[in-house]
Amino acid sequence: MTSALETIGLLTEQELMIFEILNAKNTNSKYWLPLLWASAIVTKARKQGRIRDDFAQKTIMDEINNFRKNCLLLLAYDSISVPLVYMQVRDMTPPAYHQVYLARLPEPNACALHAHQGTRCSHTHRQFLDPSRGLKGNSVDMYVPTFTILQFFFYMGWLKVAESLINPFGEDDDDFDTNYLVDRNVQRDCE
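Residue 176 in numbering that gives the first Met the number 0 is what sits at position 177 of the sequence shown, and the numbering runs on without skipping anything.
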């Protein structure tokens, strides 16, 4: 990647040598090095009078520092791995819960049995009706567990979103192709 940056003119030969020397000493991320160079360029531009006052220099330096802070935050998020057990439990709990919940839903004969015992229930198993109260329309009104099915789809959808957020820049085919995005943006900026 660094040789490609040198080819399009974003790195000089001297800067590439500095990167290679630092890589030989330490393989950690060097996101801060170009920001250090940018800070030096801003200071030099202020001394040459290309930046009109100290406030403008401070504003530019604040933006560079803010970018550096955000890069560090992204690096920190990337360095913390989510335990495998968490992902397995997260993947198994909602389907298991809904299977148990759907398995204990009463059947029509069970509702009739409940009616003989003084309580009628709907097939969503979320509503119990008491016929002793004598209310109008006190009967089973739904035969498909609509709300349970909706709840299942919402939970599974939210879990899929959470799964993609665990590693948004991952190596899967479904993840963002960050190399293409970076290369495209660098080429557009150099035009």
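If you are wondering where the hints come from, they were derived from the structure by calculation, not from laboratory data.
Being a predicted model, the structure only gives us computed values, none of them experimental.
The C-beta atom is built at its ideal place from N, Cα and C for all residues, glycine as well.
Among these hints, one or two may not hold up.
Claimed, not checked - Straight-line Cα separation of at most 25 Å, SDA-like style, residue types lysine to any residue; simulated pairs: (1) K68 - I79; (2) K68 - P33; (3) K29 - D52; (4) K43 - I17; (5) K29 - G48; (6) K68 - F152; (7) K46 - N27; (8) K68 - W157; (9) K24 - K46; (10) K43 - N27; (11) K29 - I63; (12) K29 - T177; (13) K43 - K24.
Claimed, not checked - Simulated restraints on C-beta separations: (14) R183 - R49: 41 to 51 Å; (15) A3 - Y96: 45 to 55 Å; (16) L9 - A161: 53 to 63 Å.
Checklist entry - If you draw a straight line from the CA of K43 to the CA of I17, is it 25 Å or shorter? => result Holds, at roughly 20 Å.
Checklist entry - Lying within 45 to 55 Å: is that true of the beta-carbon distance A3 to Y96? => result At 50 Å between Cβs, range holds.
Checklist entry - Given the hinted pair K29 and D52, is their alpha-carbon gap at most 25 Å? => result Violated - the C-alpha atoms of D52 and K29 are around 30 Å apart, more than 25 Å.
Checklist entry - Quick one, are K68 and I79 close enough, alpha carbons at most 25 Å? => result Cα-Cα ~17 Å, so holds.
Checklist entry - For the pair supplied as a hint, K68 and W157, is the alpha-carbon distance within the 25 Å limit? => result 30 Å, violated
Next on the checklist: Hinted pair, alpha-carbon criterion (25 Å max): K29, G48. Please report holds or violated.
Outcome noted: 30 Å, violated
Item to check | Satisfaction of the hinted span 53 to 63 Å by the C-beta atoms belonging to L9 and A161 | outcome: This hint is violated: roughly 36 Å between Cβ atoms.
Checklist entry - Would the pair K29 and I63 pass a check requiring their Cα atoms to be no farther apart than 25 Å? => result Given that 25 Å is the threshold and the Cα spacing comes to 15 Å, the pair holds.
Checklist entry - Hey, K68 versus P33, does the alpha-carbon distance stay inside 25 Å? => result 14 Å, holds
Checklist entry - Given a hinted range of 41 to 51 Å, is it respected by the beta-carbon distance of R183 and R49? => result 30 Å, violated
Checklist entry - Under the criterion that the straight-line Cα-Cα distance not exceed 25 Å, is the pair K68, F152 satisfied? => result 38 Å, violated
Next on the checklist: Run the distance test for K43 versus K24: straight-line Cα separation, threshold 25 Å.
Outcome noted: Judged against 25 Å, a Cα distance of about 28 Å means the pair is violated.
Hint check: violations occur at hints 3, 5, 6, 7, 8, 9, 10, 13, 14, 16; the rest are consistent with the structure.
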